[in-house]
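Q: Line order of the protein sequences matches chains A and B. Heads up: the first sequence runs through residues 896 to 1390, numbered per my numbering. Heads up: the second sequence runs through residues 18 to 157, numbered per my numbering.
Simulated from the structure, these hints should not be mistaken for lab results. Glycine is no exception: its CB is placed at the ideal position from the N, C-alpha and C atoms. Please note that the accuracy of each hint is not assured.
What the hints assert, rightly or not - Below, a sample of chain A positions facing chain B; criterion: calculated Cβ distance under 7 Å: (1) L1063; (2) I1113; (3) V1310.
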Amino acid sequence: MYSELLSALPNVLAFSNFFAVTIGVLAGIAVGAMPGLSATMAISILVPFTFGLDPLVALGLMAGIYNGAMYGGAIPAVLLRIPGTPAAVATTFDGYPMAQQGQGGFALQVAVVSSAIGGIASALALMLLAPPLAQVTLLFGPSEVFWIAIFGLCSIIFLLGESPVKGLISACFGVFIAMVGADPITGEDRFTFGHLELLDGISIVILLVGLYALPPVIDLLETPLDTAGISKNNLRTEPIWRAFPRMMTFWTTWVRASLIGIWIGILPGAGGSMAAFMSYNEARRTSKNPGNWGKGEPEGVAASETANNADTASALIPALTLGIPGTAVAAVMLGGLLIHGLQPGPMLFRESPDIVFGFMWQFLFGAILLIFLGGSLATNNFAILLKLPRPLLGSIIIVLMFIGVYSINERMFDVYLMLGFGVVGYVMDKLKFPLAPVVLGLILGGFAEENLRLALRIGRGDWGILFQNTTSLILVALTVAVIVGPLVKRKLTNK
Amino acid sequence: MTVTSLTLVLVAVFLLPMAIELNDVPSLLPVAMLLALTGLSLFALVGDQRQAVHQESTEPLLKAPLRVYGSLSIVFLYVGSVHLLGFYLITCIFVPLIAYLFGCKSPKALAVATLLVPGLIYLIFSLAMSKEFPNGLIWG
Chain A
896 MYSELLSALP NVLAFSNFFA VTIGVLAGIA VGAMPGLSAT MAISILVPFT FGLDPLVALG
956 LMAGIYNGAM YGGAIPAVLL RIPGTPAAVA TTFDGYPMAQ QGQGGFALQV AVVSSAIGGI
1016 ASALALMLLA PPLAQVTLLF GPSEVFWIAI FGLCSIIFLL GESPVKGLIS ACFGVFIAMV
1076 GADPITGEDR FTFGHLELLD GISIVILLVG LYALPPVIDL LETPLDTAGI SKNNLRTEPI
1136 WRAFPRMMTF WTTWVRASLI GIWIGILPGA GGSMAAFMSY NEARRTSKNP GNWGKGEPEG
1196 VAASETANNA DTASALIPAL TLGIPGTAVA AVMLGGLLIH GLQPGPMLFR ESPDIVFGFM
1256 WQFLFGAILL IFLGGSLATN NFAILLKLPR PLLGSIIIVL MFIGVYSINE RMFDVYLMLG
1316 FGVVGYVMDK LKFPLAPVVL GLILGGFAEE NLRLALRIGR GDWGILFQNT TSLILVALTV
1376 AVIVGPLVKR KLTNK
Chain B
18 MTVTSLTLVL VAVFLLPMAI ELNDVPSLLP VAMLLALTGL SLFALVGDQR QAVHQESTEP
78 LLKAPLRVYG SLSIVFLYVG SVHLLGFYLI TCIFVPLIAY LFGCKSPKAL AVATLLVPGL
138 IYLIFSLAMS KEFPNGLIWG
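Start from the sequences, fold in the hints, and give me the full structure.
A: Encoded structure:
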């Protein structure tokens, strides 16, 4: 499989594909730099626009946005103590004090170099680990695939968010949405209420845009942002190649944070913010000067930014090989793959190796491009994006949401449906219901049902077929562990 | 949370007969999901009531309720108006209107957005990508 990885390289270097990654990185930094906007939201809005594009161009844009946004979140975190993305919270601890001491430019340079190193490590992990895992999963039959879907759902429910009940409600809602439309085997109508538009089911794009794009827009309009004091002048810095030697002492932090980020990325349900916090705490614990931390220690910025970028590509390891996204962004990216007719899972590696391996290269190039694009432009220009009027930005996003969803089938029904999901998403967000299980429920619900029915057909209606081989039993045990583990941990913590 | 839990229970109970009426296998997962939704919502409802008894005051859900309701209404109004009066006309009106109502008072920014947003959309989507947008029901 590694030979296919190499043979995908020339295609990725084609102008249109490379250009897409570049544009994606720039757009991602811009999105990450604006508090309230996230990579998940940007990719959700982007997905419908990529319908007519070549899959690698579309995936290049997504990979670039993901990489760029994870770094972009550091810009307001350093300058305003407002994390641009949730993963940049730990960057505020030392980044903002550095900015107050007149070192804002250097803090951003540390952030961009660390982000690039984390991103490169993550892309390499994806390239090394995904192909062998895909080989193993190719051996799975319908009952194993059913259990993988259940394991994926359970892990994101029980590991993500504070309340498993809320996670379960979200997932049930998602699975129920997957049931809408004509039954895939019998053709029987399910919950279409006579609407022909629902016969083909609910498009994941409509759900993604509604859930992930409308709530941030309402937030943008709800709260004004004070950006006084940001100007190009107070961000002037020395060139990045001159600043680099000052960062060489961080190499142990970079290695450790990369490993933490990759591990957290692979775990379903965990995300960039957890990686950043763990890495920050670990780096502080092993530091020779722990007293400096929280007062403007550049190594703190390095620890946080390396880890939150190291979980980007690695979150796609379970997503691409098993169809289980590790994070909300990975779930949205799976949606992006699906609309191009690419079903995530082991068969993807056999049927479309040029695309799946090309996507991995795009992650690597996206991370490398961060140094050139982020390093030379971010400190002087992207921070100025914070000055953009938020209400104007909100109104433009509303128009883009409309265009994206309407363009899928050129019908208003989809737009109204998207607004409905948007309101549901906003309420869920405010009540702290996790949104990722809804998306995962929609993706895995149909997948689980299809394989369950296939397994039952093979077993002639005998449910025992689901527990007949070792792999299935291991997956059942893992699912039980994922459910029971956090509950036991919570009980012990409460004691 | 109480309202949400009750709504979920009501919706699940409303949909359950439809799921049961389906044939044997196609009804399996929908019935399971709706029963689970009902049970979980009731569980969340009980938990919420217990919490309400123990906590004296809770943090308000919305920082600026008027702005939230206003923004939601204006989004719906935008989509409804596009359906009735056409995409470009309404976009030209709503982009600066939303921005102005929610605090962007700079005439320069508003003027640039009014011209630039629909202009770019026309160039990219209508001209380059040959996408068609609603012309408005009112114009036939």
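Q: Hints first: check each against the structure and report whether it holds.
A: Verification of the hints:
1. For L1063 (chain A), the interface hint holds, since its Cβ comes within 7 Å of a Cβ in chain B; the closest pair sits about 5 Å apart.
2. Nearest Cβ of chain B to the Cβ of I1113 (chain A): about 5 Å, under the 7 Å cut. The hint holds.
3. Among the interface hints, the one on V1310 (chain A) holds; its C-beta lies about 6 Å from the nearest C-beta in chain B, closer than the 7 Å criterion.
This entry satisfies every hint, going by the numbered hints stated previously.
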